Amino acid sequence: MSIAPAPRTLRDAAADTAARSEDYLWTLNFGPQHPATHTTLRLVLKLDGERVVDAMPEMGYLHSGFEKIGEHLTYNQYVTVTDRMNYISPMANNVAWHHAVETLLGIELTPRCRTLRTIIAELARINDHLLSNGAVGLDTGAFTFFLYAFYQREVIYDIFETLCGARFTNSWTRVGGVSQDFTPLVVEKIRQFVKTFPKTLDDMERLLTRNRIFVDRTKGVGVLSKEEAINAGATGPVARASGVTRDLRKDEPYLAYEQFDFQVCCASAGDCYARYLVRMAEMRESLRIVAQAIENIPAGPVNVGIDQRTALPSKQQVYSTIEGTISHFELSMSNRGFEVPCGESYAATEAPNGELGFYLVGDGSDCAYRARCRPPSVLHFALFPQLIRGHTLSDVVAVLGSLNIIAAELDR
Amino acid sequence: MALNMPGPAARPGRLELPENVVVSRLDELANWCRKNSLWPMPFATACCGIELMATGASKHDLARFGAEVFRFSPRQCDLMIVAGRVVMKMLPVLQRIWQQMHEPKWCISMGACASTGGVFDTYAVVQGIDRFIPVDMYVPGCPPRPEQLIQAIIDLQDKIQREGTITGREFDTSQRQLCKRALVEAHEPLVIDAARNPVVQRELAAAAHRS
Amino acid sequence: MPHTLPAVDAVLAAVADRFGPLETSVFRGQTSLVVPEPQSFEVLESLKGRGFDLLVDVSCVDYLEYRGARHRYGLVYLLASTTTNQRLTVRVFLDDPAAADEPGPAVRSVVSLWRAADWLEREVWDLFGIRFTGHPDLRRLVMPDEFTAHPLRKDYPLQGRGERHNFPVITRDHS
Numbered sequence: 003m004s005i006a007p008a009p010r011t012l013r014d015a016a017a018d019t020a021a022r023s024e025d026y027l028w029t030l031n032f033g034p035q036h037p038a039t040h041t042t043l044r045l046v047l048k049l050d051g052e053r054v055v056d057a058m059p060e061m062g063y064l065h066s067g068f069e070k071i072g073e074h075l076t077y078n079q080y081v082t083v084t085d086r087m088n089y090i091s092p093m094a095n096n097v098a099w100h101h102a103v104e105t106l107l108g109i110e111l112t113p114r115c116r117t118l119r120t121i122i123a124e125l126a127r128i129n130d131h132l133l134s135n136g137a138v139g140l141d142t143g144a145f146t147f148f149l150y151a152f153y154q155r156e157v158i159y160d161i162f163e164t165l166c167g168a169r170f171t172n173s174w175t176r177v178g179g180v181s182q183d184f185t186p187l188v189v190e191k192i193r194q195f196v197k198t199f200p201k202t203l204d205d206m207e208r209l210l211t212r213n214r215i216f217v218d219r220t221k222g223v224g225v226l227s228k229e230e231a232i233n234a235g236a237t238g239p240v241a242r243a244s245g246v247t248r249d250l251r252k253d254e255p256y257l258a259y260e261q262f263d264f265q266v267c268c269a270s271a272g273d274c275y276a277r278y279l280v281r282m283a284e285m286r287e288s289l290r291i292v293a294q295a296i297e298n299i300p301a302g303p304v305n306v307g308i309d310q311r312t313a314l315p316s317k318q319q320v321y322s323t324i325e326g327t328i329s330h331f332e333l334s335m336s337n338r339g340f341e342v343p344c345g346e347s348y349a350a351t352e353a354p355n356g357e358l359g360f361y362l363v364g365d366g367s368d369c370a371y372r373a374r375c376r377p378p379s380v381l382h383f384a385l386f387p388q389l390i391r392g393h394t395l396s397d398v399v400a401v402l403g404s405l406n407i408i409a410a411e412l413d414r
Numbered sequence: 684m685a686l687n688m689p690g691p692a693a694r695p696g697r698l699e700l701p702e703n704v705v706v707s708r709l710d711e712l713a714n715w716c717r718k719n720s721l722w723p724m725p726f727a728t729a730c731c732g733i734e735l736m737a738t739g740a741s742k743h744d745l746a747r748f749g750a751e752v753f754r755f756s757p758r759q760c761d762l763m764i765v766a767g768r769v770v771m772k773m774l775p776v777l778q779r780i781w782q783q784m785h786e787p788k789w790c791i792s793m794g795a796c797a798s799t800g801g802v803f804d805t806y807a808v809v810q811g812i813d814r815f816i817p818v819d820m821y822v823p824g825c826p827p828r829p830e831q832l833i834q835a836i837i838d839l840q841d842k843i844q845r846e847g848t849i850t851g852r853e854f855d856t857s858q859r860q861l862c863k864r865a866l867v868e869a870h871e872p873l874v875i876d877a878a879r880n881p882v883v884q885r886e887l888a889a890a891a892h893r894s
Numbered sequence: 058m059p060h061t062l063p064a065v066d067a068v069l070a071a072v073a074d075r076f077g078p079l080e081t082s083v084f085r086g087q088t089s090l091v092v093p094e095p096q097s098f099e100v101l102e103s104l105k106g107r108g109f110d111l112l113v114d115v116s117c118v119d120y121l122e123y124r125g126a127r128h129r130y131g132l133v134y135l136l137a138s139t140t141t142n143q144r145l146t147v148r149v150f151l152d153d154p155a156a157a158d159e160p161g162p163a164v165r166s167v168v169s170l171w172r173a174a175d176w177l178e179r180e181v182w183d184l185f186g187i188r189f190t191g192h193p194d195l196r197r198l199v200m201p202d203e204f205t206a207h208p209l210r211k212d213y214p215l216q217g218r219g220e221r222h223n224f225p226v227i228t229r230d231h232s
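Line order of the protein sequences matches chains A, B and C.
Mapping of the first sequence onto my numbering: residues 3 to 414, in sequence order.
Mapping of the second sequence onto my numbering: residues 684 to 894, in sequence order.
Mapping of the third sequence onto my numbering: residues 58 to 232, in sequence order.
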């Protein structure tokens with residue numbers, strides 16, 4: 003039973019300050035170096051004892067000029083930079099970037115490629131939610147939960163490493179396909195993961211979901227209503243926990259999502275606890291998609307054919323057919339590359355954090371003229387002041403963790 | 684570790700010491716203590732921060748090397764691990780945290796971005812924190828695998844054991860820093876808005892006040 | 058099939074009725090509407106009233122080096138409807154002023170319509186230098202406050218102009 007009094011609204015605080023002087027309010031600088039600000043964010047909190055009267059978020063402490071780099075790198079080189087945006091699920095960013103590029107170029111992927119990208123995007127979603135919920139656990143003091151989550155992430159890293167050689171920052175997708183196809187070992191490891199993951203998820207839920215301390219710390223904290231969520235542009239689990247039933251995998255199906263049976267997880271409370279539950283439920287749904295997809299991978303080529311002149315042909319084709327040789331050279335030479343229309347388009351995917359989209363302006367050359375990344379974290383961070391008003395200092399950490407703000411995606 | 688462990692037969696002219704007594708130099712003892720209890724301060728900015736967390740997690744346990752306690756307060760740490768790119772808005776924060784740490788302190792620059800700017804040769808990213816902070820160990824990689832970071836910590840432990848002194852004489856590396864800075868300025872002349880950088884303004888005001 | 062965004066013909070017809078003919082185009086199944094700067098706020102307000110309740114993004118493109126561009130800056134407003142799943146791109150084109158001492162390009166802010174525009178417009182101001190009149194707190198978002206240039210403009214170099222190394226050096230002596 004919580005013994006704290008009901009949260010004061012800003013109106014109460016304002017009324018008080020009108021009557022007395024504001025001497026009792028003090029300013030606390032939270033970050034940019036702080037364990038609970040997941041890397042570099044800054045919050046300037048105005049506190050009345052333990053209660054937060056106002057919060058002024060500041061960002062930009064990791065702004066690296068991603069969008070300007072996008073104007074100097076080719077479409078296949080830039081995927082390495084997209085890895086470093088939402089760095090807790092890099093594969094999802096790769097898939098989103100190439101989805102946007104392929105929409106601009108008007109390329110249609112092979113069925114096998116779509117299924118493979120779906121599987122990997124869902125594994126990346128599980129990766130992201132594990133860390134996000136793990137960090138919420140860590141920040142509220144549940145270290146074991148964090149370690150369980152990290153162990154499962156290591157299993158997924160092992161799968162990614164077997165697939166393309168890198169644990170993380172994989173740069174796996176290419177225009178028109180992927181760089182490495184699935185081998186039987188990868189399929190076996192994914193099957194193994196599908197078998198063993200539900201048990202860990204059950205263990206993790208047993209630790210926190212009905213844990214009195216955790217529930218008290220997160221229930222009723224940081225409430226976001228449905229109208230506010232839409233008006234503020236929130237997407238992804240943050241919006242779905244407030245009742246907005248928008249999921250691009252169902253609303254604007256892309257890749258192979260139409261073939262699989264899964265549910266969109268929503269809640270109506272809109273508080274930190276609801277966001278935690280939505281992420282846990284989404285992990286189960288993602289596992290369902292992976293379990294269905296891994297048994298139904300279509301055979302056939304994974305990259306688009308040579309006639310499309312976008313993906314590098316296989317070595318067998320390069321060495322035995324003239325079209326393969328010509329194609330290989332045309333794509334590799336720096337002044338040739340592939341044809342890009344002079345047009346602008348926007349394409350978004352349902353990244354684990356929300357709607358991750360890229361607005362691309364093509365100018366005929368092999369570098370984008372403008373590569374704008376629409377980051378879900380910016381809009382979520384802008385929501386922070388209204389979520390935290392009236393709560394205590396220890397709730398700041400819970401709310402910040404539940405919004406899953408990744409500084410690299412925030413600042414680009 | 685060169686301890687003077689007496690053999691079973693005491694040599695002539697030497698004291699006969701019982702088994703539970705060890706004779707060593709104070710420096711070596713201090714180094715041994717310091718290297719095996721490095722408390723890291725994770726200055727985690729970006730992707731390398733996740734690999735840093737993975738290094739501290741259960742599979743590649745960093746606690747085995749004495750670095751159990753990831754204290755985030757600079758007053759309680761002696762090893763700053765800069766994991767990730769440092770942008771110019773963050774650099775004064777990095778410098779302030781470095782100055783708040785107590786001696787003896789060491790710095791590991793983890794990853795390509797902290798060491799040289801990495802993939803990001805852009806207007807906002809500092810091309811190597813060693814331009815502005817003294818760095819003891821560089822870990823290449825983007826991001827470095829946890830095993831690489833553990834190797835860096837082991838190498839740093841060797842460095843501490845080799846070079847450490849109880850009074851901290853080995854930290855007098857200002858001559859090396861000046862050479863490095865001169866090299867940097869030869870390549871990239873600093874033509875800047877010094878007038879608009881508050882850190883520079885404070886330094887100038889302090890210098891003017893002193894003179 | 059790469060997914061194409063649903064068409065919005067009925068809404069466009071209604072907007073054209075009220076505001077006169079506006080340039081529209083469709084590329085890769087995405088509809089784009091060009092609005093002249095004086096009318097931008099009214100058009101966006103009426104679109105919000107017709108169900109486009111989600112402001113997905115506000116950004117800008119600098120057409121300085123684009124072959125065949127007629128204006129320098131193209132603001133992009135990406136709108137979506139959570140009820141009908143339709144999407145629409147609204148473009149507003151702006152130019153630099155003729156004389157050097159006149160104030161830069163400006164457009165009316167849409168913060169009163171969508172709170173999402175608050176930080177998105179601050180970012181466009183920071184990186185491109187386009188003013189949003191009526192914005193409650195228009196200051197830099199990602200660059201430091203003392204930064205003077207607008208980095209994403211095409212005439213600003215990728216490596217910057219030396220601001221990134223403009224800091225004092227701390228050596229072992231000082232620390």
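Source of the hints: derived by calculation from the structure; they are not laboratory data.
Check the hints yourself; a few may be wrong.
Covered by chain A, per the in silico footprint, the following chain B stretches (three or more residues, Cβ under 8 Å) [stated by the list, open to error]:
1. 738 to 752
2. 765 to 775
3. 809 to 822
4. 825 to 831
Note that the coordinates shown come from a computational prediction; the quantities given were computed from them, not determined experimentally.
We put the CB at the ideal spot given by N, CA and C, even for glycine.
Consistency of the hints with the structure:
For the stretch 738 to 752 of chain B, the proposed coverage by chain A is satisfied: 3 residues have a C-beta within less than 8 Å of a C-beta in that chain, meeting the threshold of three. A count of 5 residues in the stretch 765 to 775 of chain B with a Cβ less than 8 Å from any Cβ of chain A is obtained; the coverage claim is therefore met, three being the minimum. For the stretch 809 to 822 of chain B, the stated coverage by chain A is not satisfied: 0 residues place a CB nearer than 8 Å to a CB of that chain, which falls below the threshold of 3. Look at the stretch 825 to 831 of chain B against chain A: 3 of its residues bring a Cβ nearer than 8 Å to a Cβ of that chain, three or more, so the hint holds.
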